[in-house]
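The lines below spell out each chain.
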Amino acid sequence: GAVVSQHPSRVICKSGTSVKIECRSLDFQATTMFWYRQFPKQSLMLMATSNEGSKATYEQGVEKDKFLINHASLTLSTLTVTSAHPEDSSFYICSAREGLAEITDTQYFGPGTRLTVL
Amino acid sequence: LAKTTQPISMDSYEGQEVNITCSHNNIATNDYITWYQQFPSQGPRFIIQGYKTKVTNEVASLFIPADRKSSTLSLPRVSLSDTAVYYCLVEYSSASKIIFGSGTRLSIRP
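Line by line, the protein sequences are chains E and H. To convert, count from 1 in the first sequence and add 207; that's the numbering used here. To convert, count from 1 in the second sequence and add 1; that's the numbering used here.
Hints listed in this document are in silico derivations from the structure and should not be mistaken for laboratory results. One thing to keep in mind: the hints can contain errors.
[As the list claims (entries may be wrong)] Here are the simulated EDC-like cross-link-like pairs (lysine to aspartate or glutamate), alpha carbons at most 20 Å apart as the crow flies:
no.	chain 1	residue 1	chain 2	residue 2
1	H	98	E	312
2	H	55	E	312
3	E	262	E	305
4	E	248	H	83
5	H	53	E	312
6	H	98	E	305
7	H	4	E	266
Generate coordinates for the entire structure from the input sequences, incorporating the hints supplied.
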C-alpha cells in the first residue's frame, strides 16, 4: 500500500519551454500533496504544499507563476515548470499524505522526475 | 528557528548495528519524527515514524528521549544494501515548516 507514482521519470527540454510533471497516489486518496526539489548531493527542499480543490501554498522564494501546481483530484497533482531555464534542472519529487490527521499521517514519496533544461 | 541536523556521513561494516542521530531542538509537543532512506535517483522510502520513547518495526527502531530534542534511528545488522542516504523529517507545527535534515550518507563495507 501507499504507492505514489510520478510521470515522466526523466525529461529533457529546451530553454523557454514548459514541462508538466504528474504525481499520482495509486492506492489511497491524498488530501495533501507536496512538491520538493533536490539538487545533487543536497537534501530535499519543500517547494509547495497542495490540498485538493484549493490553491497551493508556496514556500518562501518559490515563484508561484513559474511553478504552477494543480491538485484537481484526490489522486492527482501536477507541477508545471513554465519557461524552464537551465537553473531549473533538478530532481523533482512529490509526496502524498492520506487522510486529514495532518500531524501523524506519513508522507509517501514518488520516485522522482529528473528535469534537464538545455 | 526550526532546524533539523544530522551527521554528514557514517561508515560501518556488514552485520553491525548502526545508530544515526538527528537533532531537532525546536520540536513542539505534537510534532512527529519520520525517517527515510534514499538511493541515488530515487524518491525517499519510508522507514519509521515516532513521537516519543521507542518505536520498532521489521527494519529499524527509533529512540526518542524524554525531551524529544533528538532522535536516533537504529539499523540492526546492516548489510551492503543498506548503503544509502538517511534523512530525518520533522514537520514543525509551530512554524508551519516541513524540514528535512541534511541527510547522513551511510556506507557499509564487507
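Against the structure, the hints:
A threshold of 20 Å between alpha carbons decides the hint, and for residue 98(H) with residue 312(E) the separation of about 15 Å falls inside it, so the pair holds. About 18 Å separates the Cα atoms of residue 55(H) and residue 312(E), which keeps this hinted pair within 20 Å; it holds. With a CA separation close to 18 Å, the supplied pair residue 262(E) and residue 305(E) stays within the 20 Å bound. Between residue 248(E) and residue 83(H) the CA atoms are separated by roughly 18 Å; this keeps the pair inside 20 Å, and the hint holds.
For the hint linking residue 53(H) to residue 312(E), the alpha-carbon distance of about 16 Å falls within 20 Å, and the restraint holds. Taking the CA atoms of residue 98(H) and residue 305(E), the gap is about 19 Å. The hint holds against a cut of 20 Å. Taking the CA atoms of residue 4(H) and residue 266(E), the gap is about 16 Å. The hint holds against a cut of 20 Å.
Hint violations for this structure: none, all hints satisfied.
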